[in-house]
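**Q** Here is how the chains run, residue by residue.
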Amino acid sequence: MIDLLPNADEQAVLDNFRSVLRAEAPVSRLREARPGDATLLPRMVELGWIGLGLSEEHGGVGYGIAEEMLLFREAGRHLVSPLLLGAVLGAHVAAEAGDADLAGAIIAGEKSVALLIRKDAKGAVLRLDGAAAPLALVWDGAGMALYDESALSGIEDVPALDNYVTLERASLAGAPLLHVTSTLPVRAKILVSAMLVGVAESARDMAVDYAKLREQFGQPIGAFQAIKHFCADMAVRAEAAHFQTLVAGFALHENQPDAAYQASAARIVAADAALRNGERNIQVHGGIGYTEAADPQLFIKRAHLLAELGGGTRQHQRDILTEQAPA
Amino acid sequence: MELKFSKEDQRFRDEVRGWLSDNIPRDKAPPHGPEKRAFDMAWQKRQYEGGWAGVSWPSEYGGRGLTITQQMIWYEEYARVGAPAPGCMFIALHHAGPTVIARGNDEQKAFHIPKILSGEANWCQGFSEPSSGSDLASIRTRGVVDGDDLVVTGQKIWTTWGNISDYQELLVRTDPNAPRHKGITWIIGDMRLPGITIQPISTMSGVQHFCQVFYDEVRIPLKNVVGGLNNGWSVAMSTLGFERGTAMVPYQMELRRLIDELCELARHVPAPDGVRMAIEDDEIASRLGELRAEIAAMRAMTYASISRAQRDPVPGPEGSMISLYWGELQKKVTRTAVDILGPAGLERTGGYGGWTQQYLAAFKDTIAGGTVEIRRNVIGERVLGLPRAKGG
Numbered sequence: 000m001i002d003l004l005p006n007a008d009e010q011a012v013l014d015n016f017r018s019v020l021r022a023e024a025p026v027s028r029l030r031e032a033r034p035g036d037a038t039l040l041p042r043m044v045e046l047g048w049i050g051l052g053l054s055e056e057h058g059g060v061g062y063g064i065a066e067e068m069l070l071f072r073e074a075g076r077h078l079v080s081p082l083l084l085g086a087v088l089g090a091h092v093a094a095e096a097g098d099a100d101l102a103g104a105i106i107a108g109e110k111s112v113a114l115l116i117r118k119d120a121k122g123a124v125l126r127l128d129g130a131a132a133p134l135a136l137v138w139d140g141a142g143m144a145l146y147d148e149s150a151l152s153g154i155e156d157v158p159a160l161d162n163y164v165t166l167e168r169a170s171l172a173g174a175p176l177l178h179v180t181s182t183l184p185v186r187a188k189i190l191v192s193a194m195l196v197g198v199a200e201s202a203r204d205m206a207v208d209y210a211k212l213r214e215q216f217g218q219p220i221g222a223f224q225a226i227k228h229f230c231a232d233m234a235v236r237a238e239a240a241h242f243q244t245l246v247a248g249f250a251l252h253e254n255q256p257d258a259a260y261q262a263s264a265a266r267i268v269a270a271d272a273a274l275r276n277g278e279r280n281i282q283v284h285g286g287i288g289y290t291e292a293a294d295p296q297l298f299i300k301r302a303h304l305l306a307e308l309g310g311g312t313r314q315h316q317r318d319i320l321t322e323q324a325p326a
Numbered sequence: 000m001e002l003k004f005s006k007e008d009q010r011f012r013d014e015v016r017g018w019l020s021d022n023i024p025r026d027k028a029p030p031h032g033p034e035k036r037a038f039d040m041a042w043q044k045r046q047y048e049g050g051w052a053g054v055s056w057p058s059e060y061g062g063r064g065l066t067i068t069q070q071m072i073w074y075e076e077y078a079r080v081g082a083p084a085p086g087c088m089f090i091a092l093h094h095a096g097p098t099v100i101a102r103g104n105d106e107q108k109a110f111h112i113p114k115i116l117s118g119e120a121n122w123c124q125g126f127s128e129p130s131s132g133s134d135l136a137s138i139r140t141r142g143v144v145d146g147d148d149l150v151v152t153g154q155k156i157w158t159t160w161g162n163i164s165d166y167q168e169l170l171v172r173t174d175p176n177a178p179r180h181k182g183i184t185w186i187i188g189d190m191r192l193p194g195i196t197i198q199p200i201s202t203m204s205g206v207q208h209f210c211q212v213f214y215d216e217v218r219i220p221l222k223n224v225v226g227g228l229n230n231g232w233s234v235a236m237s238t239l240g241f242e243r244g245t246a247m248v249p250y251q252m253e254l255r256r257l258i259d260e261l262c263e264l265a266r267h268v269p270a271p272d273g274v275r276m277a278i279e280d281d282e283i284a285s286r287l288g289e290l291r292a293e294i295a296a297m298r299a300m301t302y303a304s305i306s307r308a309q310r311d312p313v314p315g316p317e318g319s320m321i322s323l324y325w326g327e328l329q330k331k332v333t334r335t336a337v338d339i340l341g342p343a344g345l346e347r348t349g350g351y352g353g354w355t356q357q358y359l360a361a362f363k364d365t366i367a368g369g370t371v372e373i374r375r376n377v378i379g380e381r382v383l384g385l386p387r388a389k390g391g
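Sequence lines, in order, name chains W and P. Read in order, the letters of the first sequence correspond to residues 0 to 326 in numbering that gives the first Met the number 0. Read in order, the letters of the second sequence correspond to residues 0 to 391 in numbering that gives the first Met the number 0.
Next comes chain P alone, as it looks inside the complex (with noise of 0.2 Å):
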């Protein structure tokens, strides 16, 4: 057991402090549209051409190849500087680039990655549909082979960035008598084929980042299927060796630094009796302390997700327990925020509005990506090998 950084880590640390803070983009992203597309993808573009997309992707698609530890040094002093959220790039290069790194042709490689590394292209998820949510299994938009195109007839829906995106991951239901985990296929859809509508929705926090997508009988060719027909489960369900246990560093560093910014909220506002600050009122104290203490802890997870793969390549299910622990957290420091706040809170511009708008970001966080309850039936089956319920 160790931790400590070698000299190389400790130079390529210093290195990349120093381009990232003569290169962040100083303006805020904007918050939806086509000017936060456009926003993101300059952004990757610049890091591209600095030479830092895809810290630890295969240098022979336009990455760096270098070390998990390295891709994680890259996402800690990113989120220190406080570097834009990936935004509309995040399912380019969190989940479909490393989807098509790991079971993609070469052909796929050879056109997508440097596509997604270099900022051109970016991506959006098609898994959820309106009745299949946790049930993700049980897709129904179809998928019938005609000629040399797979033809899609559906629904998807929560398709987050859909309206700004150019490809999709796309799961369809290919063979409707096969048993539901052998008849779904993965395929990489251009978001601007005929038949495709795009409706955004509102949320609660007012951001339009999810969409529903309507697919009328459009035809996408077959070679764009990742994994093999009646494969998709299978590649759906592949998350990646290379980066495991990175992903999360940057939405731990950036909760870090809004833990900090509550703890320095508390110093300026209030206590509830109106006489002390917030922060010397006990109670608050005491949950603010809690909050440092599980952040260092979300930390030490990912710490721990880089240990196991340096040692394993084949990710294993741990991975559900940072999300859950991010997600939970991150509605417990936003829910303290407004409890401190008070009557404040209940303003959502001006001084402190910025709290309650992401306060009401946040209940996306135990739902998104695989509701919380979802990522404790993982935990508790695939980490402790408690048995499925009957029927489920």
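For reference, chain W alone in the conformation it holds in the complex (with noise of 0.2 Å):
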């Protein structure tokens, strides 16, 4: 069966997902508390979403990737600091491994795991919001690796373009706790296409709402076919992202062997969406769009963020090219 639309009870878990965020974590946080989601994480862990999609046997929910992407999907759409997806990942890494209770103790939220990003192959990493996280993780195509913090050396601050997560560089060294070279790379390629996609779509909709709301020359400059344009473009980007990330979900479900070309070319399109939606949500917000009191530009910065996590794009772009296609 076709059928990319959630059923009832899929609607009823992203139902849940969208009022608790909604109520808990309006964008609008970011300007107020410390970067890291440090009173949001902790909900999370109660809610149960950091297990969602591990087995019960593993102390998780029982749900699969379908409703992890519904989740990455509005964590994007809420700019939920990358420490939810780190624990969700490391998780996964450690019921992987056959490490019970470190599965447990980050579905249970007494370890945060801090996402790497590499920045060159001697060790050079950036951490986001993992300044009290004990667990670091980062990931290529080849495989996933779990560090304890102190395989990071000369940890310092620097300030991000994305001002909203703590960023800071270090050196990685060492052997990692644990590592998988299973299919947990593609899983979290489809993570990030879906917190990409959700990034997006709330670009969309702000741009979209402005354009009937704001009025110039007599009328909603949404009428004028320059914004109107802009604006569908939008659409059709989200939309392009939004169901390939669903198409490669699951083709890693259903163990495809085109589950690893569809979550290449979901990250691709996806980070595109969330960059150029973003950047045009700016523009079609004027110059009101250009200041810090307004949201677009929240939006804009989490997109180039997420768009490195797991290698760029022109990694992700090279890696299509030889990615077996559906038959």
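Incorrect hints may have been included.
[What the hints assert, rightly or not] Once the Cα atoms are required to be at most 20 Å apart in a straight line, the calculated DMTMM-like pairs of lysine to aspartate or glutamate come out as:
1) W/Lys121 / W/Glu307
2) P/Lys114 / P/Glu59
3) P/Lys331 / P/Asp259
4) W/Lys300 / W/Glu278
5) P/Lys331 / P/Glu289
6) W/Lys211 / P/Glu380
7) P/Lys3 / W/Asp8
8) W/Lys118 / W/Asp156
9) P/Lys330 / P/Glu260
10) P/Lys44 / P/Asp26
11) P/Lys3 / W/Asp257
12) P/Lys3 / W/Glu253
13) P/Lys3 / W/Asp2
14) W/Lys118 / W/Glu167
15) P/Lys44 / P/Asp165
16) P/Lys331 / P/Asp364
17) P/Lys6 / W/Asp2
18) W/Lys211 / W/Glu278
19) W/Lys118 / W/Asp147
20) P/Lys389 / W/Glu214
21) P/Lys330 / P/Glu346
22) P/Lys44 / P/Asp21
23) P/Lys6 / W/Glu253
24) P/Lys3 / W/Glu9
25) W/Lys121 / W/Asp147
26) P/Lys331 / P/Glu263
27) W/Lys118 / W/Asp318
28) P/Lys389 / W/Asp208
29) P/Lys114 / P/Asp189
30) W/Lys118 / W/Glu148
No lab work stands behind these hints: they were computed from the structure. If you're wondering where the values come from, they're calculated on a predicted model, not measured in any experiment.
Join the two chains into one complex using the hints; note that each chain is given alone, in its own frame.
**A** See below:
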């Protein structure tokens, strides 16, 4: 069956994500609180979101990648800290590597997992929202590694393009606690895509709402083709990215040989959608869109950050040239 | 949510694959003219005789009455083996036929649908006029009721395959005093009626598929009106529910094959530095990777459209998203080919000339069937709810 729309059960799960995040994670929180969503993450632990896609024997909720994709799309819309993705992926790594205690500790929120982005092949990394995280996670197409914080040295704060996360430079050395070479990097690519989709959709919605409201020359600016066509392109990019991400998720779920190809495709179109929608959203807002007090700037910044997780777009564009397409 | 083909669908796919590999024409379709018509119609007839015409069309008019998923599987396999594009059968199969099914009366359906499916008759579209392109509701070709006939006088243009078609879905103004959307009639015109003059138009790609058609007091029986006199705008706008989302599948599959061929091309022609192969050039590799991702996403959008069609028989405007995406992508792919070829792309025949020809032909893909600007307006207004411009 081809059905990329949520059924009643999935819709209920989605509505739950939405109602919690709308009430507890308005994007305006980012300008007030310290970065890192320090109060939001314990709530997510309590709601069982960290172990959403892990089986009950691993201490999870027993859902699958479908629900995880829905969660990360909403997390992207609300610019939730990368620590959520760190925890979810970290728990998967621990479960797959057979370390049930560690998986349980991550799911219970006892150990947080910071995401790392590699800057070069010699160990230079960036750590995201990780100042208090005892664990760190990094991956590429070949595998995913979970490190103890002690593997990082020379940690120093650095002002970030996305100033709504804390960014630290560090050096990574030594052996990881756990390392897996399964399909987890593909899963990570899909979940990052889902977050990028959320960013792209939020940017689209903000731009469209503003275009209906803001009047110039005696009519809403959304009536002008220059603005309307920006918005239409934003909608098409978000549509393509969302459904490609779902297709990738189900290809992985069904162990299809084209799962890696579909995931790379999702990652490429989702990053493009988030970056270009983020940019257009500011343009549609005009002067106000350039201010710190308005929300558009938040989304383009987050798009850049997410687009570097697990390797940048150039890498994925190379990967997909040799990955197996559907038969 | 689910993306998984049932055992029954798998069996259907195997059956389709088997039939196609035994039956597709081995010759290439002629580019235009009566030879093209003969080729396209013979291929349609063969599909009909094999039981494969109108997979999801109602069985009472000669279709198979199968599911939209099976219709899509048919098109996927169709394109995978490189079966010829519907060519001059396109309007009959993807526009006029479905419109007659949705809005025609029993007599019209019983007469026309079997003729389309069996490859006896093909159709062209008579919508655009020299002064009415994107602003279609401004058409001026007149239709005057006289006895049992509608007498049509005026001019249509961009009538693809008008010179080799049997019937036409024709929009005429039958009430010049009514508001512009209320005075239009959708009528089935026979292209051989007296008073019709057809002139082919040469295009920038050299292929003659466009025509202009002149009507000088052409008498069309009133019983050919579909959906009622002066109700033609709503008929023209009624996209069909039962095949929604699958009409673009052959084009999507064809484009995927083109992108695969382009990657292959890049492995065999030199990069701009003249030393490495084109695919080893970072910029070219990036562009090719992006194209491969975008064609995957177009397939995902088709699956989304099918998902919606299963929930809600009333079609939404999301078809505009797919056709916009496809038009832009088609141009991007052929332009990338010409860029990779460099000076070799200047030659229109010989080894790589096919790419140049396809590049030139792709300019129509962001214009025909509604320009991409109109497609963006539809998305802006009907998907996103943005206001129409004053006076627009």
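**Q** Each of the hints needs a verdict: does it hold here or not?
**A** Status of the hints after comparison with the structure:
1. W/Lys121 / W/Glu307: Distance of about 17 Å is within 20 Å: holds.
2. P/Lys114 / P/Glu59: holds (13 Å)
3. P/Lys331 / P/Asp259: holds (14 Å)
4. W/Lys300 / W/Glu278: Roughly 10 Å separates the two Cα atoms, so the pair holds.
5. P/Lys331 / P/Glu289: Distance ~10 Å between P/Lys331 and P/Glu289 Cα, so the pair holds.
6. W/Lys211 / P/Glu380: holds (11 Å)
7. P/Lys3 / W/Asp8: holds (19 Å)
8. W/Lys118 / W/Asp156: holds (15 Å)
9. P/Lys330 / P/Glu260: Holds: P/Lys330 and P/Glu260 sit about 15 Å apart, inside 20 Å.
10. P/Lys44 / P/Asp26: Roughly 16 Å between the alpha carbons, so the hint for P/Lys44 and P/Asp26 holds.
11. P/Lys3 / W/Asp257: holds (13 Å)
12. P/Lys3 / W/Glu253: Holds: P/Lys3 and W/Glu253 sit about 8 Å apart, inside 20 Å.
13. P/Lys3 / W/Asp2: The hint holds at about 9 Å.
14. W/Lys118 / W/Glu167: holds (12 Å)
15. P/Lys44 / P/Asp165: holds (15 Å)
16. P/Lys331 / P/Asp364: holds (11 Å)
17. P/Lys6 / W/Asp2: Measuring from Cα to Cα gives roughly 16 Å; hence the hint holds.
18. W/Lys211 / W/Glu278: Distance ~19 Å between W/Lys211 and W/Glu278 Cα, so the pair holds.
19. W/Lys118 / W/Asp147: holds (19 Å)
20. P/Lys389 / W/Glu214: holds (13 Å)
21. P/Lys330 / P/Glu346: Answer holds: P/Lys330 to P/Glu346 is near 19 Å, not above 20 Å.
22. P/Lys44 / P/Asp21: Roughly 15 Å between the alpha carbons, so the hint for P/Lys44 and P/Asp21 holds.
23. P/Lys6 / W/Glu253: Status holds; Cα separation ~14 Å.
24. P/Lys3 / W/Glu9: holds (17 Å)
25. W/Lys121 / W/Asp147: Distance ~18 Å between W/Lys121 and W/Asp147 Cα, so the pair holds.
26. P/Lys331 / P/Glu263: Measuring from Cα to Cα gives roughly 17 Å; hence the hint holds.
27. W/Lys118 / W/Asp318: Judged against 20 Å, a Cα distance of about 19 Å means the pair holds.
28. P/Lys389 / W/Asp208: Holds: P/Lys389 and W/Asp208 sit about 19 Å apart, inside 20 Å.
29. P/Lys114 / P/Asp189: holds (13 Å)
30. W/Lys118 / W/Glu148: Given that 20 Å is the threshold and the Cα spacing comes to 18 Å, the pair holds.
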